[in-house]
Amino acid sequence: MDFSLTDDQRMLADSLDRYLAQRYPIDRRHAAAATPQGYDVDLWAGLVELGAVPALLPESAGGLGGGGFDIATVFESAGRALVIEPLLGAAVVGQMLARADAPQAWAAWLERLAAGAVVALAHEEPDAHYEPTHVATTAQHDAGGWVLDGHKAVVPHGGQAEGWLVSARLSGAVRDAEGIALFWVPRGTPGVSVRTYPRIDGGGAADVTLTAVRVPADALVAGPARARQVLAHGLACGALALCAEALGAMEVALRMTRDYLQTRRQFGRPIGSFQALQHRAVDLWMAVEQSRSAVINAAAAFDGDDPLERDRLIAAAKATIGRAGTQVAEESIQLHGGIGMTWELPLSHYAKRLVMIDHEFGDEDHHLARFIALSREREARA
Amino acid sequence: MDFSLTDDQRMLADSLDRYLAQRYPIDRRHAAAATPQGYDVDLWAGLVELGAVPALLPESAGGLGGGGFDIATVFESAGRALVIEPLLGAAVVGQMLARADAPQAWAAWLERLAAGAVVALAHEEPDAHYEPTHVATTAQHDAGGWVLDGHKAVVPHGGQAEGWLVSARLSGAVRDAEGIALFWVPRGTPGVSVRTYPRIDGGGAADVTLTAVRVPADALVAGPARARQVLAHGLACGALALCAEALGAMEVALRMTRDYLQTRRQFGRPIGSFQALQHRAVDLWMAVEQSRSAVINAAAAFDGDDPLERDRLIAAAKATIGRAGTQVAEESIQLHGGIGMTWELPLSHYAKRLVMIDHEFGDEDHHLARFIALSREREARA
Amino acid sequence: MDLRLSPDESAFRDAVRAFLRDELPPELATKVRQGLRLTRDDMARWHAILHARGWLASHWPREWGGPGWGPVQRFIFENECALAGAPRIVPFGVNMLGPVLIKYGSEPQKRHWLPRILDGSDWWCQGYSEPGAGSDLASLKTTAVRDGDHYVVNGQKTWTTLGHYANRMFCLVRTDRNAKPQEGISFLLIDLDSPGVEVRPIITLDGEHEVNEVFLTDVRVPADRLVGAENQGWTIAKYLLTYERTNIAGIGFSVAGLERLKVIARAVHKGGRPLIEDPLFAARLARVEIELENLKTTNLRVLAAVAGGGAPGPQSSLLKILGTQVRQEILSLTRRAVGPYALPWIEAALTLEGADQAVGPAGAASAAAQYFNYRKLSIFGGSNEIQKNIVAKTVLGL
Amino acid sequence: MDLRLSPDESAFRDAVRAFLRDELPPELATKVRQGLRLTRDDMARWHAILHARGWLASHWPREWGGPGWGPVQRFIFENECALAGAPRIVPFGVNMLGPVLIKYGSEPQKRHWLPRILDGSDWWCQGYSEPGAGSDLASLKTTAVRDGDHYVVNGQKTWTTLGHYANRMFCLVRTDRNAKPQEGISFLLIDLDSPGVEVRPIITLDGEHEVNEVFLTDVRVPADRLVGAENQGWTIAKYLLTYERTNIAGIGFSVAGLERLKVIARAVHKGGRPLIEDPLFAARLARVEIELENLKTTNLRVLAAVAGGGAPGPQSSLLKILGTQVRQEILSLTRRAVGPYALPWIEAALTLEGADQAVGPAGAASAAAQYFNYRKLSIFGGSNEIQKNIVAKTVLGL
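Keeping their order, the protein sequence lines are chains P, W, U and F. The first sequence stops at residue 382 when you use the working numbering, and every number in between is there. The second sequence stops at residue 382 when you use the working numbering, and every number in between is there. The third sequence stops at residue 398 when you use the working numbering, and every number in between is there. The fourth sequence stops at residue 398 when you use the working numbering, and every number in between is there.
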C-alpha cells in the first residue's frame with residue numbers, strides 16, 4: 001500500500017495551488033462568472049499552460065496522465081480555489097474520445113482540447129434525473145450521415161463549447177441500456193440551438209436543443225457496441241472529478257470555519273470555546289476525512305480493470321460527497337452565523353458550490369441506489 | 001380545539017401513577033419478570049381493580065371507555081412505570097372482540113377479560129416482518145368446525161393466555177389482503193403448543209404453534225367479510241397503545257437523564273453544564289414533545305370515522321416513536337456514561353423497553369413505508 | 001381531547017378563506033407560490049388590503065385598530081394566509097414596534113405612530129444587531145448621548161431586513177456606558193432621512209438584496225423619540241422578541257411549501273416514474289411530512305397553553321427550532337427534486353414578467369436560491385444554538 | 001497511490017489466513033459468529049494457540065517474544081482474525097500492560113512478568129476508572145500510602161472488564177495527595193488474591209457479567225510492584241492509552257458483523273421478498289457499508305502516516321468515534337433485521353450447547369443483547385465525547 005502521490009502529481013498540485021492562490025482572488029472569479037462566456041479566458045489559458053488539461057488525459061490521447069489520481073489531484077486543487085473554468089468538460093470528453101471506436105480519428109480534436117478548447121458532454125436530459133440510460137434524443141441514419149433530435153439539459157459551459165459530445169439513441173425505448181451511440185457535434189452545426197445562463201454556483205451552463213441536426217457519418221464517436229462502456233467511463237470520470245473538487249472545497253470551508261471559530265468572539269470568549277460548536281466542527285472534520293478516503297477509493301477503482309467495481313466505488317464516493325458536502329456547506333454557514341450568508345464572504349460561495357456538486361452527475365440518493373444495485377450485481381457475479 | 005383530558009381520564013391516570021409509584025418498585029418488576037408467568041399476578045389484579053382494563057374497552061363491550069385517549073392515558077401511565085403486565089393483549093383483543101361478527105357471543109369472554117383474564121392476539125408470523133396481511137396459518141372447514149394449522153411468532157404473554165385470538169387464512173395466497181378470518185382458541189385446546197420465553201425488555205412471550213387444532217364453528221370471531229377491518233382496528237389499537245407507552249417511558253428516561261446531568265460532576269462541574277450535552281438533551285426534549293403530539297394525533301384519528309386516516313396517522317405516530325424512542329434510549333445511556341449500561345440503574349430498563357417497542361406492531365421503517373402508501377391512497381381518493 | 005376546530009373557529013376560518021379568495025390579488029399569490037421576488041409595492045399593497053379589512057395588526061387590541069384576536073385565531077389566520085399564497089406581513093412595524101408602543105409608548109407616541117403603521121405612512125425596520133453583537137445583544141456598542149432635547153447617535157447596525165424600503169428604524173442604543181452590559185440600553189426611534197444615516201446593502205449568497213447595514217454618524221434624534229424610560233431598552237427588547245416569536249414555527253409556510261414540493265415531485269420523473277414514487281425520495285418526503293404533522297399539533301398545544309393571549313415562553317424556542325428545521329428541509333427537498341435544474345440562475349425568471357425565461361420544470365427557477373436564502377432561518381431571530389441554550393437553562397435546568 | 005497490498009503484505013495475509021484455517025477451533029469461530037458467550041477457557045485457549053505461533057503479543061518487540069510487526073501487519077492480522085471469527089485477544093496483559101512494562105518496567109519486572117503474560121500464568125485486568133472518575137482520570141481517589149517496603153492501598157475501582165477472571169490488576173493510585181490532580185499518581189501492580197481485595201460483579205443491561213467493581217481495603221502491595229517512578233503514573237497511563245487505541249476502529253469486527261448482517265437480511269423476508277431488498281433497509285445497509293469502506297481506507301491512511309510503528313495521535317480519536325459508530329449501527333441493523341424475534345431473551349441459547357433452544361431466524365438469539373451490550377463502545381475507552389474534545393483541541397485548535 002502506498003498513499004503518497006507521485007512526484008509529478010505533487011508538483012502539479014503545488015503549481016496549481018500556487019498559481020490559483022496568486023491569480024484567482026474571488027473577485028476575479030465573480031467577475032468572470034458575470035461575463036457572457038462564464039469563465040476567465042486568461043486564467044483558463046494559464047491553467048492549460050501549467051498542464052492541468054494534459055494531466056487529465058492518458059498518453060494515448062496525447063496527455064500526460066489521465067489516471068484516477070491525476071484527475072483527483074487536479075480537481076482537488078480546482079475545488080480549493082473554486083475554479084469555474086471548463087476543466088470538467090475537458091476531462092470527461094477527453095477521456096471519452098480517447099476510448100472512441102476509432103481514437104485516431106479524434107487526434108486533432110484531442111490536440112485542440114489539450115490546448116484549451118472548450119468542450120462539453122451533452123448527455124443529461126430533462127426528466128432523466130441522472131439516470132444514465134435515459135436518452136430520449138434520437139439519431140437516425142440518413143444519406144450516409146446522421147440526423148439528431150433532442151434536448152440536453154444543463155450542459156456545463158454548453159454555450160461556449162467548440163464541440164459537444166452528444167448521446168443519442170439509435171434504437172430501443174427511452175431508458176433502454178442498449179441502443180445508445182455517441183456523436184460529435186462541432187459548434188456552428190445548423191439546427192443546434194443553445195440557451196445559455198449563469199449558474200448559482202458561478203460559471204455558466206446551457207440547455208442544448210438539437211433539431212434535425214445533420215452530422216456526417218464520421219461524427220459517430222462510438223456506436224452502440226462500445227458507446228455504453230465509453231459513456232459509463234465518462235460518467236465515472238465526471239463523478240470522480242466532482243468528488244475530488246468537493247473534497248478540495250470542503251477542506252477550505254472547514255479551514256475557514258475553524259479560523260472563524262478561533263477568532264470570532266461572543267459573550268466574551270471565542271465562539272470556538274463553546275463545546276456544542278466544537279463537537280459539530282469535529283463532525284465536519286471527520287466527514288472531510290471520510291470523504292478523502294472515499295475519493296481515494298474511487299480514484300483507485302477508476303484505474304482498476306473492473307468496471308463494475310469502479311462504478312460501485314464511484315457511486316459510494318459520490319454518495320459520500322453528496323452527504324458530506326451538503327453537511328459541510330450547511331454547517332459552515334450556520335457556524336459562521338449571519339456573515340456566512342453574505343455574498344461578500346468567500347465561504348458562502350464554497351457552500352454553494354458544495355451543495356450544487358450534488359446536482360451534477362447524480363445526487364446522493366441516486367448514487368446510494370446505484371451502490372445498492374451494483375453491490376447486488378457484484379454478489380450475483382460472485 | 002381542546003387539549004385537556006376528561007376528568008375521568010385524568011383521575012384514572014392519577015390513580016394509576018400513584019398506585020404504580022407506590023406498589024411497583026423496579027425490583028418487584030424484575031422479580032415478576034423472572035417468574036414463569038412473566039408478570040406480577042397481584043399487581044395485575046390491582047391494575048384491573050383500579051379500572052385500567054375497563055378503560056380500554058368501549059361500553060358496548062362492557063367497558064367504560066375504549067376511545068383513543070382512554071387507551072393513550074392508560075398506556076402512558078404504564079410506560080412511566082415500565083409495566084410488564086398483560087395490558088396490551090387486553091386492549092387489542094377486547095377491542096377486536098367488541099367488533100366481532102356477533103359481539104354478543106363474546107360477552108362472557110369480554111367479562112372475564114375485564115376482570116383480568118390474560119388474553120393475546122396471535123397474528124404476527126415468522127417472515128411476516130410486521131406485514132399485516134401476511135397470514136400463512138390456515139383454517140379449513142371440517143365437520144361443522146374448523147381446523148387450524150400454523151405458527152404465530154412472539155405472542156406477548158402468549159404462554160399465560162387463557163385464550164388466543166388467531167388470524168388464519170381461509171383462501172388466497174400468503175399475503176393476500178382477502179381471505180383472512182379470526183378465531184378464538186381457548187387455552188387447553190388440543191394441538192396448540194406453546195414455547196414460552198422471557199423477553200429482553202422484561203415480561204414474557206411465546207411462539208404458538210397450531211397443529212391440526214380443531215375448534216367449533218362458533219369459534220369464528222370474524223369471517224373474511226369483516227375480519228380485515230377488525231384486524232386493522234386491532235393493529236391500530238396495539239400500535240396506538242405502544243406509542244403511548246413509549247411516550248410515558250420517554251418522559252421518565254428524559255427526566256432521569258436531566259437529573260443525572262444536573263447532579264453528576266466531572267472535571268469539577270456538573271456535566272449538565274457542558275454545552276454539547278445540553279444541546280443533545282434539548283434534542284431529546286424536542287423529540288419527546290413531538291412524540292406527544294404524534295400520540296395525540298393518533299389517538300384522535302383512532303376515534304375518527306375514517307379508517308384510512310386512522311391508519312395513516314397511527315403509522316406516522318409509530319414511525320415517530322420508533323425513531324424518537326430509540327434516540328432517547330441510546331442518548332440517555334450515552335449521556336449517563338457507564339452507569340447507564342448497568343442493570344442496577346432503572347434507566348437501562350427504560351432504554352431497553354423503548355428500543356423494543358420498535359419491534360412490536362411494526363418498526364419505524366415499516367410504518368414509514370405504510371405512511372407513504374396510505375398517503376398515496378388518500379391522494380388517489382381525493 | 002378534541003383536535004377539531006370549534007364551530008366559532010370553523011366559522012372564522014371560513015371567513016378568512018372567503019376574504020383571501022376575494023381579496024388576495026392572484027398575481028401576488030402566483031409570485032409567492034413560485035418563489036418569485038416581491039417588490040416594495042407588492043408588500044405595501046397587501047398591507048393596505050388587510051388594513052382595509054381591519055386584519056393587518058393581529059396582535060393589537062381593538063382600541064388601536066387591531067382585530068382583538070386570540071392566539072388560535074391568529075394561528076388560523078396566518079395558516080390560511082400562507083396556504084393561499086399571501087405575502088408575509090412585514091413584521092417590523094405591525095408585529096414588533098406596534099405592541100411595544102402599545103405597552104411602553106406615551107399616549108402622544110401611540111396616537112402619532114400607531115395609525116401611521118396601519119395606513120402605511122411609515123415603513124419601519126429594526127436596528128438590533130451590530131457587527132460585533134449578533135446573538136449577543138448585550139454587547140451592543142451604538143451610543144446615544146443626550147445633548148439638550150436630542151440624542152446624538154453613533155454606531156452601526158446590521159442585518160437590517162428591508163431597511164432599504166424603510167423610512168424609520170427602531171433601534172437599541174447604549175445610553176449609559178458605565179452600567180452593566182444589559183443595563184444602560186434604550187429604545188429609540190430614528191428617521192432614516194436624518195443627516196448622518198447611511199443605509200448600505202448587504203447582498204446575500206443567493207444574490208438577493210434583502211438586508212442592510214445602517215451607519216449612524218452624529219445622528220440627532222429628538223428626545224421624544226425615546227420609547228419607555230431611558231435605560232429600559234433591554235426590558236423592551238425582550239418584550240418585543242416574544243412578539244417576534246408568535247408565528248415562529250411558520251406552519252403555514254411549511255404546509256404551503258410541502259404542497260409545492262409535492263407538485264414538483266409528481267411532475268419530475270426519474271427512471272420513468274414520478275420522483276415522488278422513488279423510495280428514497282418518498283422516505284425523505286414522508287419524514288418531513290410526519291414531522292410537520294406533529295409540529296402542527298405541538299404548535300396548537302403551545303397556543304392552547306397560552307391562555308387568553310400573550311406569548312409563549314421557552315416553548316417558543318421549541319417552535320423556532322423545529323419550525324426552521326422543517327422549513328429548511330422542505331426547501332432542501334425542493335432543490336433536490338428539480339435535479340440538475342437547480343443549477344441555472346436566471347434572475348429575470350425570478351420576476352413575474354420574466355417567468356417565461358425559466359428553464360426546467362415549473363418551480364425550478366427559485367429552488368436553489370430559496371434554499372440558500374432560507375439558511376437564514378436557523379441563524380436570524382436568535383440562532384437555533386441560542387434557542388437550545390435557552391431551553392437547556394429554562395426547561396431542563398441545566 | 002496504490003491501495004493494493006504489496007507482495008510482502010499479500011504473503012503475510014496469506015500466512016495469517018492459512019494459520020487461521022488450520023488453527024482456529026471451529027467451535028470458537030461458531031461462538032463468535034453467532035454472538036454466543038465465550039468462557040474464560042475459550043479465551044485462554046485462543047491465547048495459547050496464538051502464543052504457540054508467536055503471534056500473541058503483536059505490539060512487543062522480538063526480544064520479548066513479540067513478532068516484530070509494523071502497524072500494517074498488525075492491521076492485516078487483526079482484520080483477518082476478525083473475519084475468520086477468532087475471539088478477541090484479551091488486551092489487558094498483552095496489549096496494555098506489556099508495552100508499559102517494556103517501556104517503563106525495571107529489568108527484573110520485565111523478566112518476571114512478561115513471560116507470564118504470554119504463557120497465561122497471569123490474567124490481568126485494568127484498574128483505571130473509579131465511581132467518581134469515569135472519563136476524568138485526573139480526579140481519581142484511590143490512595144497508596146508507603147509503609148516500609150509496601151504500599152497500603154485503599155479505594156474503589158470500577159468497570160473492571162473481566163476482573164472476575166483475573167488474578168492481577170494494574171492500577172492507577174494516588175501517591176501524593178498534595179500534588180496537582182494529574183501529578184501524584186502512580187502505576188501499581190496488585191495481586192487480586194491479596195487480603196482486602198474484593199471483586200464484585202456489575203451486571204450490564206443485557207444481563208451479562210463482564211465488568212466488575214474492585215474494592216481495595218488496606219491492601220498491602222510490595223513496593224517492587226511499582227512500575228516506573230513514584231508519581232509517574234499519569235505519563236504511563238497516557239502511554240498505555242495510545243496502545244489501547246491501535247485497533248480502535250475495529251474494522252475487522254465491522255466487516256465480519258456486516259457479513260453476518262447480510263446473511264440475516266437475505267434470510268429474513270418481508271412482504272415476500274428478502275429484507276435486504278426492502279428499499280429502506282437496503283438504504284440503511286448501504287450507508288453503513290459505504291461508511292465502512294471509507295473507514296477502512298481512513299484507517300490505512302492513519303497507519304501509513306505512523307511511520308515504522310508507534311501509535312497514532314489524535315487520529316486515533318477519529319478512528320475510535322467512527323469505528324464505534326459503524327459497529328453500533330451494524331448491530332442496530334442486525335437487531336432491526338430480526339424483527340419481533342429481537343424480543344426473546346433465552347439465555348441458554350447464548351451458549352453453543354443450548355443454541356437449539358433459540359427461536360426465530362439464525363442470528364436472532366444474540367441480536368438485541370449484543371446491540372445493547374455494545375452501547376458500551378461509545379462510552380468506554382474514553383467516551384466519544386471526550387474524543388471529540390481531544391480533536392477539537394489538538395486538531396482544530398479550538
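I should point out that these hints are in silico values taken from the structure, not numbers from a laboratory. The structure displayed is predicted, hence computed values, not measured ones. Every residue gets a Cβ at the ideal spot worked out from N, C-alpha and C, and that includes glycine. Keep in mind that the hints are not guaranteed to be accurate.
Under the rule of at most 25 Å between Cα atoms (straight-line distance), these lysine to aspartate or glutamate pairs were calculated in the DMTMM-like manner [as the list claims (entries may be wrong)]:
1. U:Lys-296 with W:Asp-2
2. U:Lys-296 with W:Glu-59
3. F:Lys-141 with F:Asp-42
4. F:Lys-296 with P:Glu-49
5. U:Lys-296 with W:Asp-306
6. F:Lys-262 with W:Glu-364
7. U:Lys-296 with W:Asp-149
8. F:Lys-262 with P:Asp-2
So the derived label-pair ranges between C-beta atoms look like this [what the hints assert, rightly or not]:
9. W:Glu-309 with U:Arg-33: 54 to 60 Å
10. P:Gln-22 with F:Ala-29: 42 to 48 Å
11. F:Ala-29 with W:Arg-175: 35 to 41 Å
12. W:Thr-209 with F:Gly-68: 41 to 47 Å
13. U:Lys-393 with F:Arg-40: 31 to 37 Å
14. P:Asp-305 with F:Gly-272: 36 to 42 Å
15. W:Pro-25 with F:Asp-218: 31 to 37 Å
16. F:Gln-182 with P:Pro-58: 56 to 62 Å
17. W:Asp-303 with F:Thr-30: 17 to 23 Å
18. U:Glu-107 with W:Arg-378: 34 to 40 Å
19. U:Leu-5 with W:Arg-28: 43 to 49 Å
20. F:Ala-29 with P:Asp-8: 55 to 61 Å
21. U:Lys-180 with W:Arg-28: 51 to 57 Å
Here's a subset of chain F near chain P, in silico, CB distances under 8 Å, partners left out [to be verified]:
22. Asp-122
23. Ala-282
24. Leu-295
Quick one: which hint numbers does this structure break? Sort them smallest to largest.
Going through the list in order, the structure violates hints 2, 3, 4, 7, 8, 9, 10, 12, 13, 17, 18, 20, 22 and respects the others.
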